[in-house]
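**Student:** Using the sequences and the accompanying hints, generate a full structural model.
Protein chains: 2
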Amino acid sequence: MSLLVVGTVAFDSIETPYGKVDQVVGGAATYISLAASYFTNRIQLISVIGDDFPEATLSDLTRRGVNLDGLQVKQGEKSFFWAGKYHTDLNTRDTLVTDLNVLADFDPVLPDDAKNVSYVMLGNLTPAVQRRVLDQLESTPRLVAMDTMNFWMDMALDELLEVIKRVDLLTINDEEARQLTGEYSLVKAAQKILTMGPHILVIKKGEHGALLFMRDEDDHEVHIFYAPAMPLMDVFDPTGAGDTFAGGMMGYLAQTDDLSFDNLKRALVYGSAMASFCVEKFSIQRLTELDVPQILQRIEKFRRLVHFDRDKV
Amino acid sequence: MSLLVVGTVAFDSIETPYGKVDQVVGGAATYISLAASYFTNRIQLISVIGDDFPEATLSDLTRRGVNLDGLQVKQGEKSFFWAGKYHTDLNTRDTLVTDLNVLADFDPVLPDDAKNVSYVMLGNLTPAVQRRVLDQLESTPRLVAMDTMNFWMDMALDELLEVIKRVDLLTINDEEARQLTGEYSLVKAAQKILTMGPHILVIKKGEHGALLFMRDEDDHEVHIFYAPAMPLMDVFDPTGAGDTFAGGMMGYLAQTDDLSFDNLKRALVYGSAMASFCVEKFSIQRLTELDVPQILQRIEKFRRLVHFDRDKV
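Chains as they are written, first to last, in the working numbering: chain A, 1 to 313; chain B, 1 to 313.
Hints in this document: simulated from the structure, not taken from any laboratory.
Among the hints, a few may not be true.
No distinction is drawn between identical chains; accordingly, a pair holds when it is met within one copy or between any pair of copies.
[Stated by the list, open to error] With a cut-off of at most 20 Å between alpha-carbon atoms, the simulated SDA-like pairs for lysine to any residue come out as follows:
id	residue 1	residue 2
1	K301	M233
2	K205	M233
3	K205	N91
4	K115	R142
5	K312	D257
**Tutor:** Take a look at the structure:
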């Protein structure tokens, strides 16, 4: 099925304990689309860039089945730029520079082809921009997912809550789930969020994996699933891991078009697998050189990591 | 099979966001023995208390199959006492009081029955005391496990490394694994620790679960398994959770007497299940009121939490 992706397409400068890269390709929509492209080649990317963005990256995206008709190119302007430095633990980072550039007055316009998609992934952006995308849809998608961050909870909470109300699936990290609900327990936080609009919630915990909560439409019971992150020798660069996770998950859902809890579990594991590749190299590099056998091999590694026989066999 | 448990039997005063209790029963050996008693009734407890310890707790332990011949009672002296206050996140705490009392000059003496046990769990204690216990064993146990903490890495590293060299299984938390090895990556830290003596390592991550590493004797490959912590509505009191985890794990191993990687996985899940009960109430209370059906039900909950079908069925 078709997947609509909205988010940033940008440049990053990144410093981690393993090295430093300048002005490399980044952006939520880039990571999401690349990860999803291993599962579906019917992707519509909605974003904005300046005239400084590398043609090679754009043609690579196109080759992977990412339709760029909804990618606005602003002549004479610069693409969104972020610079950050990670601490030794790689779980925390300092933002050094945020240059909005073309993003400052981004008004997403959906091409006609993009108005009747089955799956929608709203990457982290101003809630007003996320809402503008939903307003242009002409039919109800099978699933609308959104990502957000604490910044919007501080700056535009009312608008954010309006968008959350309209989506089926929300992904946020553990601290954001706590901030959004005022509950320390993630189980309690999840129960509150599942009354705000979404009936599916994914709480991302970085190196500690991700929790899936789904409210059963029939009995209102909340089902829980936990997907760990793969323990790795080295995490070179965590940038984009959360977006890659979302991209793998949504790509898998668009491919399988099955919203049962069992299939959502698998989607979470596919997302975790894609994220575990993403962090192995800087920027989008590792995501551009994968193949399906490598992904399936990692899925099997995840299975062995967590599966146990309840009884001796 | 028989299980030897060494550790503190003590009093705690605990404050958490959910309340405050004074002078309640605690101690590593208490939690370990109680948790293990659901799997084996051949437990030898080695510890020391003053004459202030409640008779009811001791007779309850005896009733559960915990042999107290190795528990020294010092007349006119006081039991070990710890007071602590947990922060809102329940993952960090301040120690308010540590009164060693009888523990200051504890010299463990193993009764003859305890010198030929099959399983040994050295709870967190001065490395010298842990070593004194190993020195008294008359035959090689099937498995010797030990717990320790950062305090001994700071205060008695050489002695600690000597004991670590002699055990099969080490349990420590993530920060301690990093401190012990100087490696931030837990995979790298595990690889280093598995050259220090133990061929099995359990890294405890609190609310984020536990990682099991086992070095294969044949091909030296390191196998990894991850057991999550159960997401809970409320964690009332995390005191003793790590010891309860170790007790459940060692009790299950003593019961099944199977040291295959598949069975170690199950042991980790049983440990996690026991720990998930422990934190539901203050002190040892929840551990005294369990039954086997409740435990099996929670094991099934763990299975559902992490298992996924790799392919659509």
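**Student:** None of the hints should be skipped; say for each whether it holds.
**Tutor:** Results of checking the hints against the structure:
{"no.": "1", "hint": "K301 with M233", "in the structure": "within (14 Å within a copy, 30 Å between copies)"}
{"no.": "2", "hint": "K205 with M233", "in the structure": "both (18 Å within a copy, 17 Å between copies)"}
{"no.": "3", "hint": "K205 with N91", "in the structure": "both (10 Å within a copy, 15 Å between copies)"}
{"no.": "4", "hint": "K115 with R142", "in the structure": "within (13 Å within a copy, 65 Å between copies)"}
{"no.": "5", "hint": "K312 with D257", "in the structure": "between (36 Å within a copy, 12 Å between copies)"}
Going through the hint list in order, the structure satisfies each hint without exception.
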